[in-house]
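Undergrad: Sequences and hints are given; from them, build the entire structure.
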Amino acid sequence: MRPANSWSTAPSVWPDVHIGCESAVIEPIGYDREALQISVVHLGLGAFSRAHLLTFLDDLATAGSEDVGVLGTSMTSEAVPEALRSQEGRYTVVEVSAAGHRLRQVGVLVDVVGPSRRDQVLSALAAPSTTLVTTTVTEKAYGFDPVRRQLDVQHPAVAHDLASPRSPVGVVGTLFAGLDARRRAGAGPLTVACCDNVSGNGTMLAGLLEEFATHVDADTARWIAGNVVFPDSMVDRIVPATTDELREEVSAAGVVDAWPVIAEPFRQWVLEDRLGPGVPALAEAGVQLSSDVAAWERMKLRVLNGLHSASAYLGLRLGHSTIDEVVGDRSAAVRIDALSEEIQAVLVPPAGTDARAYAASVRDRFTNPAIGHRCQQIAMDGSVKLPQRILPTIADALDAGSSVDTLSATLAWWVAHLRRTPAAELQDPRAEELSALVRSTTDPFALGGALMDLDGFAPVRLRDDAGWRRTLGEAIDREGKP
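In terms of the working numbering, the sequence shown opens at residue 226 and continues consecutively.
To be clear, the hints were calculated from the coordinates, so they are not data collected in a lab. Being a predicted model, the structure only gives us computed values, none of them experimental. Heads up, the beta-carbon is just placed ideally off N, CA and C, and yes, glycines get one too. One or more of the hints may lead you astray.
Distance ranges between label pairs, derived from CB positions [as the list claims (entries may be wrong)]:
| hint | residue 1 | residue 2 | range |
| --- | --- | --- | --- |
| 1 | Met605 | Val394 | 17 to 27 Å |
| 2 | Gly411 | Asp678 | 48 to 58 Å |
| 3 | Asp678 | Pro414 | 41 to 51 Å |
| 4 | Gln513 | Ala649 | 38 to 48 Å |
TA: Spelled out as structure tokens, the structure:
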């Protein structure tokens, strides 16, 4: 697919265009797409990556960089690639706020492929011109066993790829096959940045690839260890799912786009300052290079993501549909503010960062009525998200003798969600197990203990604490009813 430039001549502002009652500014592509060269391969081309990572590269292209073209791939679906190929990779990011709306047209996607064209992804990974690989495939797609802290060889994609490493379907298998081809081609070093919400995400991905490669090809395992850099990263932007309503609103603005994305104005990308040669000059686009990504990850996971999950479960319990409705409900807002205080009491923020100011900014972002971020979407995959977003704060609070009243209530709100949702409709990798568990007993203390005993769910600090188990049971008794 070679990109055309039909959007580059669009007017920069279309007056009196309305997106959901607000006048919209349209920013066209401001560079020659024909000049772009692919240097970035992105795995997991969903709404988040297009509204976040690719906009930084788009900024570099606008500033004159040509080596920022992207080959994007959807790992499991042809729908997004087909939609984007029909418009030559161009798409619209609708940045929405109460103050107005901005339609930004992004053009750095030089090619878009789905599962049926995996060979093209492997070729791109092996190309000397490729210097950076990024991934946003969701936490559960990596095949990480949280109990043993290693590769889950029973994960369907991992099992398939170990058996058929030359025709991979999963993310780790695809990376291995591409890196194996890169080694054989003598194409040189590479930087692979995992951008999913996993603490120590680069370290995790490096470990998974090392283990996978050891199973398949020892030479490639050694080459990866010596030639591939896996920096940790932290990414932040609220990006709700694309809806038909959004498509209609973009169309009403005079832009034809089969798969636009919607986002808040805020965006942040913190990347470990440990990059291989040839990586685009991301810092020039506002990416923060840091030697302490872990501190940024911790603050974002515990404050923004923790409050997000809690707001979603509380909101669903109270009958709200979106996060702005939840924080606009005075009684709910009091609970979320109390949770924020409990989190901040034991949070160690990045050096020079004001945790209270950060929490206040998160609260302001949640109030954005134009985002319409649905509680049901955020409530997905609680068994994967809560061990990173809530449970570490509980452990720290217990160690510090600090309050866990609202932290424990958050788990109770999750229990209420599990009880209320039919097993067939529960979106969680452990849906069947969780549904059976919450329906196995009406005793809140037995249920709380059973949750703590779930393999890989709670840290030993919580699992072995009788006082905490009692506190959790009391919270479920008070607030865990459907």
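Undergrad: Next step is simple, just say for each hint if it's right about the structure.
TA: Hints, one by one, checked against the model:
1. Met605 to Val394: 17 to 27 Å: Given a distance of about 22 Å, which is inside 17 to 27 Å, the answer is holds.
2. Gly411 to Asp678: 48 to 58 Å: This hint holds: roughly 51 Å between Cβ atoms.
3. Asp678 to Pro414: 41 to 51 Å: Hint holds: Cβ distance 44 Å, inside 41 to 51 Å.
4. Gln513 to Ala649: 38 to 48 Å: holds (43 Å)
No hint from the list above goes unmet by this structure.
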